[in-house]
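Student: Note that the protein sequences, when read in sequence, are chains C and D. Here the first sequence stands for residues 1 to 239, numbered as in my numbering. Here the second sequence stands for residues 1 to 625, numbered as in my numbering.
Hints listed in this document are in silico derivations from the structure and should not be mistaken for laboratory results. Errors might be hidden in some of the hints.
[Stated by the list, open to error] Quick list of in silico lysine to aspartate or glutamate cross-link-like pairs, DMTMM-like style, CA-CA up to 25 Å:
| hint | chain 1 | residue 1 | chain 2 | residue 2 |
| --- | --- | --- | --- | --- |
| 1 | D | K326 | C | E67 |
| 2 | D | K261 | D | E145 |
| 3 | D | K391 | D | E374 |
| 4 | D | K163 | D | E190 |
| 5 | D | K467 | D | D397 |
| 6 | D | K467 | D | E337 |
| 7 | D | K468 | D | D371 |
| 8 | D | K326 | C | E184 |
| 9 | D | K400 | D | E337 |
| 10 | D | K623 | D | E69 |
| 11 | D | K261 | C | D182 |
| 12 | D | K104 | C | D86 |
| 13 | D | K261 | D | E238 |
| 14 | D | K623 | D | E238 |
| 15 | D | K326 | C | E80 |
| 16 | D | K261 | C | E187 |
| 17 | D | K261 | C | E179 |
| 18 | D | K104 | C | E80 |
| 19 | D | K542 | D | D495 |
| 20 | D | K261 | C | E53 |
| 21 | D | K261 | D | E216 |
| 22 | D | K261 | C | E184 |
| 23 | D | K326 | C | D182 |
| 24 | D | K391 | D | D429 |
| 25 | D | K326 | D | E399 |
| 26 | D | K468 | D | E573 |
| 27 | D | K468 | D | D495 |
| 28 | D | K261 | C | E67 |
| 29 | D | K468 | D | E368 |
| 30 | D | K163 | D | E216 |
| 31 | D | K326 | C | E179 |
| 32 | D | K104 | D | E140 |
| 33 | D | K560 | D | E573 |
| 34 | D | K623 | C | E80 |
| 35 | D | K217 | D | E238 |
| 36 | D | K404 | D | D306 |
| 37 | D | K468 | D | D283 |
[Stated by the list, open to error] Far from chain C, by Cβ distances over 10 Å, these chain D residues were calculated:
| hint | residue |
| --- | --- |
| 38 | A367 |
| 39 | V552 |
| 40 | H562 |
For every residue, glycine included, the Cβ atom is placed at its ideal position computed from N, Cα and C.
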Amino acid sequence: MLSIRGDTTTGPINSVMRRWSLVILILFALAIPVSAHPALYHYLEIDLLEPGEASVYVTFHAPELIEGVVTPEDDLYGREWLATRDDATLAGLVENADRFTGEVFAFRLAEREVTPDFAFPDFATIRRPPPGSVVPDGCFSGAAMLLYTRGETVLTIAFSSAAQKRLMLIINRPAAFPEVVDLEPGERYALVLPEAPIRGGVVRGLVAVLAGLIPILAVALIGWRRGLFLRKKNPTLAG
Amino acid sequence: MKSISGLFLVMLASGAPLHAQLPAGIQFEKGPLNSVTIERAGQRLVIYGGRDPGADQVLITHVRRDLTEFARLAAGNSGKVIAPVSVADFLDYPSAHWTAWWEKRFDYYDQQVTRLPISPLAVAHPVAGGDTLAGPGGLEFRVLETPGYTREGITYLLELEGKKIAFSGDLILAGGRVPDLYSFQDAIPEAKIGGYHGYGGRLGQLVRSLETLAAEKPDLIVPLRGDLITDPQGDIAELITRVRAIYANYLSTNALNWYFKEERLTAAGRLVLGPEAEVELMDYSEHVDLPDWCKHLGTTKLLLADDGAGFVLDCGGPGPLADLRKALAAGLVTRIEGIFVTHTHNDHSAAVVEAAKEFGCPVYAVAEVADVLENPGAWFLPGTSANAVEKVTVLADGEKLLWKNYEFTAHFFPGQMYNHGALLVERSDHTPVFFIGDSFSPSGIDDYCLMNRNLMREDTGFFLCFKKVRRLPEGSWLVNQHIPHLFRFTPARLDLIEQRYRERIELINALTPWDDPNYAIDERWAAFYPYGQTLGSGATGKLELRVWNHSVRDREIRVKLHLPPGVTTARSEAVLTLSAHRHGSMIFPLAIANDAEPGVKVITADLVSDDFDLKQWAEALVKIE
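Same shape as in the complex, but just chain C (with noise of 0.2 Å):
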């Protein structure tokens, strides 16, 4: 059975969900579902649409990730507060939210504790998200994906009680409507997930091939726009 596991942060596996996380951004710079009026929730968002995948978004309202206080200005919550951030702002607002995940959300597989590993959009998407993104005035957000095996069958996630403010929790299944979650700070919740397959064999080997086509397929599309994709959590990689 192929041990990719939900445990993100080190060993050889990371690079190859790395890759993974690059092509969900991909998808859902232009698809998440986030309503607006973000300043009222945090929003994390599970897609269940493959077995033995959990993708999971997190969308951030971006002023309230600045330490200290600022000064009221014009559209400080706004659309425009985004847009006209220099690149060091917006290399600690990366900074930080990535910081935030792992002080606010805590992800556990079965008995076995994950670390998502949170990839950004570059700072001209989060400048200016690209047309039909649907990413709310003044928010970005971030992705990872989650691989879990076939014994691991509850996700749990904990949401800290230093949160500040109410986290509208969505969960994607196939064929469904959004199941959505509203919890305190404080509070968990306990996701069923669908029963992950059968790794090993033909799909190890489908997995191989498309972990080395990744690369080929990122630059590629890197090539053809960039502005999209991902900045990882050290802001010198950024495309």
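Starting from the known structure of chain C, arrange chain D on it as the hints suggest.
Tutor: Chain D only, in chain C's frame:
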């Protein structure tokens, strides 16, 4: 009821004994806007403005267009205007603001008062807190940063003949009052609350500014409007007490506690109430999951009929619209047969036009919502989407609509905003559910944005909503579009909310000089319709001024238009007589000259009644093409 106490009165200085307390050499003229003149060594310094042109220096404390026009009169062509540094660039080139405002007024959530200057006013000497300004004859003015009523507010301190005098603009009025409450709407970054949710967002700054001013121990404060303040310490203390009472009252029944929780709201509260203050918040009312026939898709609620058809409440953006498409594609709903729009904020309405076209379904709303949907550019309200809906079927207040296994009853429901409706949904297998848009949450009322026009009157606003909720069948549930729950208040909880709201009316009444507190919370009690319109050169059009007399007495209001070059009217002055609590309007024809310069132009109107004289109060935009 109270009188306006002279704070906005057209009064002349003669015979006013308080003026005698000013040192000799300071001339004070009381009017709609007060004027101070100091002449020394052949130089004339004016504070605020005045009718005599040619002053050598004119000091202004903040930026509102009545003040800047008053200053312009005094400055004439050669006077030097001294103004807060943060607004100097704006005053140099205000047309840049208005040109951008043509677009920016849509989807707008900053909620700042729009009575800004239209014409440039060159600032010779921008000043900031800590500066010292040299006046004529060796006078020295110290500058204090005193934001609150405006972001940029400053105070000039002058010591003369053993007296310390503060010129503080609109920071405080005599008797411990302020001109209105809506001007304090702003973001509260310390609590991570945006301008739209920032009721009294600058009250914390006001308190700090007042404390700063009190520490200077002025003998006298000369405000921009109304009487001199001869007991600065007493009036400052009174004002701080009043705003703290209002803010504590507001927080105690606030809907945001559902979303933002205790930590943020306590942080906001302590900025006004004090660093150790206990902040009272309402706990949550009973709430349960939505029934299976109601789906939560962002700010959209989808009602499912037994035969698989769907009826939508609100469609605010591409996210919910995408969800609806996916549901249709997956066969989870067979078709969408109608859209009811609860209110006009863009997160509830921006995608309605696209959804209605795509699904081929009618759009329903109450009249107060329908016109904003069809003519969004004619209104200036928070978060108005520019996406006009071609046709809205207006449902009267109380009108029923039978759909599948449902009975709907439309309601005018001026809660979160005046242009707001609600839909009572009844089906035989469930307790009635009242979809109230964004008007309540399990922790209270959505009254955090004054620009939404939450009128505090027994016959409308939240009081009307309270009445409608009380009349619901026993056990009925409420639904907020943002919240995936049914919830309901006990009668005792509703009593508490209503009692607190009633108390707040009295607190606001004491805070401001108006004879009815609704003038203090309703920025748009006098507003042009359409707010924005496009006219070609040589074209004609019309402009309607809609006025709501909030007073409990009849009013005669004289109106005078100020027109930009290239725009004329056959009638630039008119009189409107309104009965108590009634609204009315007057129409002005407009003509655009053939050689009118293209661009965004601003029309304003003076409003004069027996006890107020408001210069360039209301505004409208005309884009000449």
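Student: Work down the list of hints and note, for each, if the structure agrees.
Tutor: Status of the hints after comparison with the structure:
no.: 1; hint: K326(D) to E67(C); in the structure: violated, 38 Å
no.: 2; hint: K261(D) to E145(D); in the structure: violated, 32 Å
no.: 3; hint: K391(D) to E374(D); in the structure: holds, 7 Å
no.: 4; hint: K163(D) to E190(D); in the structure: violated, 37 Å
no.: 5; hint: K467(D) to D397(D); in the structure: holds, 14 Å
no.: 6; hint: K467(D) to E337(D); in the structure: violated, 31 Å
no.: 7; hint: K468(D) to D371(D); in the structure: holds, 23 Å
no.: 8; hint: K326(D) to E184(C); in the structure: violated, 28 Å
no.: 9; hint: K400(D) to E337(D); in the structure: holds, 16 Å
no.: 10; hint: K623(D) to E69(D); in the structure: holds, 23 Å
no.: 11; hint: K261(D) to D182(C); in the structure: holds, 14 Å
no.: 12; hint: K104(D) to D86(C); in the structure: holds, 22 Å
no.: 13; hint: K261(D) to E238(D); in the structure: violated, 30 Å
no.: 14; hint: K623(D) to E238(D); in the structure: violated, 45 Å
no.: 15; hint: K326(D) to E80(C); in the structure: violated, 30 Å
no.: 16; hint: K261(D) to E187(C); in the structure: holds, 14 Å
no.: 17; hint: K261(D) to E179(C); in the structure: holds, 23 Å
no.: 18; hint: K104(D) to E80(C); in the structure: holds, 10 Å
no.: 19; hint: K542(D) to D495(D); in the structure: violated, 46 Å
no.: 20; hint: K261(D) to E53(C); in the structure: violated, 33 Å
no.: 21; hint: K261(D) to E216(D); in the structure: violated, 38 Å
no.: 22; hint: K261(D) to E184(C); in the structure: holds, 9 Å
no.: 23; hint: K326(D) to D182(C); in the structure: holds, 22 Å
no.: 24; hint: K391(D) to D429(D); in the structure: violated, 33 Å
no.: 25; hint: K326(D) to E399(D); in the structure: violated, 32 Å
no.: 26; hint: K468(D) to E573(D); in the structure: violated, 41 Å
no.: 27; hint: K468(D) to D495(D); in the structure: holds, 13 Å
no.: 28; hint: K261(D) to E67(C); in the structure: holds, 19 Å
no.: 29; hint: K468(D) to E368(D); in the structure: holds, 17 Å
no.: 30; hint: K163(D) to E216(D); in the structure: holds, 12 Å
no.: 31; hint: K326(D) to E179(C); in the structure: holds, 14 Å
no.: 32; hint: K104(D) to E140(D); in the structure: violated, 41 Å
no.: 33; hint: K560(D) to E573(D); in the structure: holds, 4 Å
no.: 34; hint: K623(D) to E80(C); in the structure: holds, 23 Å
no.: 35; hint: K217(D) to E238(D); in the structure: holds, 15 Å
no.: 36; hint: K404(D) to D306(D); in the structure: holds, 8 Å
no.: 37; hint: K468(D) to D283(D); in the structure: holds, 22 Å
no.: 38; hint: A367; in the structure: holds, 25 Å
no.: 39; hint: V552; in the structure: holds, 36 Å
no.: 40; hint: H562; in the structure: holds, 25 Å
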